[in-house]
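Asks: Here are the chains, one letter per residue:
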Amino acid sequence: MNYYLSEELNDIKELCAEISEKYIIPVRAELDVENRFPAEIIKVMADSDLFGIYIPEEYGGSAEMFGGGSMALCVATEELSKACGGIAVSFAANALGAMPILISGSDEQKRKYLPDLASGSKLAGFALTESEAGSDAGGVKTKAVKDGDSYILNGTKQWITNGGQAQIYTVIAQTDTSRGARGLSAFIVEEGTPGFSYGKKEDKMGIRASSTMELIFEDCRVPAENMIAREGYGFIVAMKTLNKSRPGVAAQAVGIAQGALDEAAQYASERVQFGQKINSFQGIQFMLADMATQVEAARALVYSTAKMIDSGEKKYEKESAMAKVFASDVAMKVTTDAVQILGGYGYMKEYPVEKMMRDAKITQIYEGTNQIQRSVIASALIKETAARGK
Amino acid sequence: MRIVVAVKQVPDTSEVRIDEERGTLIREGVPSILNPFDEYALEEAMKWRDELGGTVTVITMGPPQAEAVLREAVAMGADEAVLLSDRAFAGADTWATSHTLAKAVEKMGDVDIVMTGKQAIDGDTAQTGPGIAASLDWPQVTFVGKVREINEDNIIAERYVEGGCEIIRSTLPVVITVLKDANTPRLPSLRGKMKARKIEIPVWGMEDIDLSGDEVGLDGSPTRVVKITTPEIVSNGEIHHAEPEELAGLIVDALLGKEGE
Numbered sequence: 029m030n031y032y033l034s035e036e037l038n039d040i041k042e043l044c045a046e047i048s049e050k051y052i053i054p055v056r057a058e059l060d061v062e063n064r065f066p067a068e069i070i071k072v073m074a075d076s077d078l079f080g081i082y083i084p085e086e087y088g089g090s091a092e093m094f095g096g097g098s099m100a101l102c103v104a105t106e107e108l109s110k111a112c113g114g115i116a117v118s119f120a121a122n123a124l125g126a127m128p129i130l131i132s133g134s135d136e137q138k139r140k141y142l143p144d145l146a147s148g149s150k151l152a153g154f155a156l157t158e159s160e161a162g163s164d165a166g167g168v169k170t171k172a173v174k175d176g177d178s179y180i181l182n183g184t185k186q187w188i189t190n191g192g193q194a195q196i197y198t199v200i201a202q203t204d205t206s207r208g209a210r211g212l213s214a215f216i217v218e219e220g221t222p223g224f225s226y227g228k229k230e231d232k233m234g235i236r237a238s239s240t241m242e243l244i245f246e247d248c249r250v251p252a253e254n255m256i257a258r259e260g261y262g263f264i265v266a267m268k269t270l271n272k273s274r275p276g277v278a279a280q281a282v283g284i285a286q287g288a289l290d291e292a293a294q295y296a297s298e299r300v301q302f303g304q305k306i307n308s309f310q311g312i313q314f315m316l317a318d319m320a321t322q323v324e325a326a327r328a329l330v331y332s333t334a335k336m337i338d339s340g341e342k343k344y345e346k347e348s349a350m351a352k353v354f355a356s357d358v359a360m361k362v363t364t365d366a367v368q369i370l371g372g373y374g375y376m377k378e379y380p381v382e383k384m385m386r387d388a389k390i391t392q393i394y395e396g397t398n399q400i401q402r403s404v405i406a407s408a409l410i411k412e413t414a415a416r417g418k
Numbered sequence: 053m054r055i056v057v058a059v060k061q062v063p064d065t066s067e068v069r070i071d072e073e074r075g076t077l078i079r080e081g082v083p084s085i086l087n088p089f090d091e092y093a094l095e096e097a098m099k100w101r102d103e104l105g106g107t108v109t110v111i112t113m114g115p116p117q118a119e120a121v122l123r124e125a126v127a128m129g130a131d132e133a134v135l136l137s138d139r140a141f142a143g144a145d146t147w148a149t150s151h152t153l154a155k156a157v158e159k160m161g162d163v164d165i166v167m168t169g170k171q172a173i174d175g176d177t178a179q180t181g182p183g184i185a186a187s188l189d190w191p192q193v194t195f196v197g198k199v200r201e202i203n204e205d206n207i208i209a210e211r212y213v214e215g216g217c218e219i220i221r222s223t224l225p226v227v228i229t230v231l232k233d234a235n236t237p238r239l240p241s242l243r244g245k246m247k248a249r250k251i252e253i254p255v256w257g258m259e260d261i262d263l264s265g266d267e268v269g270l271d272g273s274p275t276r277v278v279k280i281t282t283p284e285i286v287s288n289g290e291i292h293h294a295e296p297e298e299l300a301g302l303i304v305d306a307l308l309g310k311e312g313e
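In the order they appear, the protein sequences are chains X and P.
Heads up: the first sequence is residues 29 to 418, going by our numbering.
Heads up: the second sequence is residues 53 to 313, going by our numbering.
If you are wondering where the hints come from, they were derived from the structure by calculation, not from laboratory data.
Predicted model only: the values in this text are computed from it and were never measured.
There's no promise every hint is true.
On the chain P side, residues computed to face chain X include the following (Cβ under 10 Å) [said to hold, decoys possible]:
no., residue
1, Lys99
2, Arg101
3, Pro240
4, Ser241
5, Gly309
Built from N, CA and C at the ideal position, the CB exists for glycine as well.
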């Protein structure tokens with residue numbers, strides 16, 4: 029489908045396609061097997077100005093050129109994900125890490141941190157999840173205790189994307205344990221801060237080119253000026269961040285699904301059984317037709333949500349959740365069907381679809397499980413209905 | 053440091069078909085690209101500009117649509133571009149082409165280095181670079197696989213020649229032709245793409261560079277193509293059917309036979 033993207037958005041798409049072809053596709057299988065972070069490719073992306081596309085010009089980025097940044101981020105993430113979901117998330121997770129500063133940071137914080145993130149000279153990560161706090165953010169145990177003009181952080185964050193690779197982390201910690209989610213605050217913590225170290229590197233099912241690590245805080249002293257917004261606003265900062273970044277995960281899912289669909293359609297046009305190309309069999313045709321339709325529908329939902337955000341709309345929590353749920357479920361279904369169409373070959377590592385199927389799974393889980401997303405959608409629906417009844 | 057990179061728009065295939073009657077290449081229906089060897093020259097120029105400061109100007113001679121490769125070069129990071137385009141330039145051989153390019157370089161003034169790919173993938177002559185040097189009466193270093201050093205007065209470069217490598221020191225200004233061994237060309241950047249869309253590219257005709265009709269295009273070209281053909285593929289292979297051991301013997305005999313020649 030032609031979405032009539034602006035010339036500038038097309039530039040992003042073309043550039044990401046070129047990066048995929050020249051740098052990602054040749055090494056994606058190797059990075060997957062070796063669980064290795066694509067530092068060289070990140071450098072290429074930085075040199076191509078990709079890290080600034082969602083950051084305003086004022087802070088060294090170019091978001092205005094692309095109409096705000098959400099569509100730009102989605103177009104880039106989708107295109108990169110067609111080639112490798114793991115490399116794409118290493119790119120997109122920077123937006124997640126930068127988002128709290130972008131949305132709720134002070135002008136000083138923006139000036140200090142965003143230009144390095146826009147140029148790609150530094151990477152960012154977002155640290156909310158802990159062993160006992162995932163869907164329930166109120167369960168965060170990491171504590172931040174005020175001491176003079178700093179806070180002392182103690183605790184462990186887990187499964188942090190870009191962990192060990194990023195230099196700037198936004199960390200959610202408890203400043204008032206008696207208030208649950210309302211006792212959370214957000215902090216900017218730089219790599220190298222005494223008391224901040226990395227723990228276990230995770231060995232994942234998919235997106236294995238991305239780095240996922242524990243962040244450990246032991247009496248880590250963070251200046252009070254590194255607090256984002258105010259004490260007690262951490263939960264709101266985190267929710268605003270996730271609402272805005274979710275279309276990025278949805279775009280990742282669309283890209284992975286499109287990549288798998290392309291592989292399956294190509295394979296079906298070459299593979300001969302019973303003396304004919306298998307795409308001449310209706311059983312395969314209908315599968316491909318459904319896959320293509322689902323991918324297109326997911327993309328339409330993602331782009332519409334991103335455009336809504338770029339247009340300045342304030343409330344997009346429901347749409348953002350819908351895009352994420354739908355696109356990630358489509359990615360799981362389409363990649364599974366792609367493996368099916370490739371049959372035995374699809375199950376083998378010589379072909380890229382088994383990796384795509386493994387990469388797709390995480391999109392149903394991270395940045396809010398699909399079950400949590402459905403709760404978000406339902407509660408928005410209930411509120412809307414109640415409002416209509418008045 | 054002012055570096056000029058001479059580039060060419062070529063058909064996107066190394067297997068262009070030939071119009072045997074007219075002795076020319078059939079370009080219709082084949083998409084055009086920036087000559088891949090020129091990308092290495094452009095990258096080398098930009099690399100040294102990034103290190104030493106200065107500007108990189110890309111230049112090409114061709115029809116108005118050749119502007120596309122100049123914009124591509126700007127998207128990759130060239131600072132400015134000039135298109136040499138004039139009806140009178142049509143039909144130029146390598147002599148007239150390099151003379152025309154040289155006159156444009158002369159007009160720019162204060163140029164330190166002209167870089168270009170070792171050859172274009174369509175004509176494959178590798179004559180234009182040396183031609184520019186001859187026309188400007190500048191030294192030339194061809195087939196450069198590595199530029200070791202550029203300073204205010206000199207360039208030190210490695211020429212990769214059959215069977216070895218020559219290390220050449222030359223004074224500036226100089227013309228060098230670049231091999232793919234020199235570098236990995238960078239991708240365009242988003243800012244570069246924006247700039248490429250907006251940049252005004254001056255078009256210089258014959259009179260702008262003080263040339264007359266008998267120096268350019270077909271009239272300025274001493275080359276006359278008598279005939280151009282695709283070489284026949286001659287296969288001297290032999291096919292033997294036998295058991296592996298016997299075949300191994302045949303191969304050994306064949307190889308020994310060759311060695312004896």
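Asks: Take the hints in turn and mark each one as holding or not.
Replies: For each hint, the structure was consulted:
1. Lys99: This interface hint is violated because 12 Å lies over the 10 Å limit.
2. Arg101: 15 Å, violated
3. Pro240: 7 Å, holds
4. Ser241: Holds. Min distance 5 Å.
5. Gly309: With a minimum Cβ separation of about 41 Å from chain X (threshold 10 Å), the hint on P/Gly309 is violated.
The structure fails hints 1, 2, 5 (numbered hints given earlier, in ascending order).
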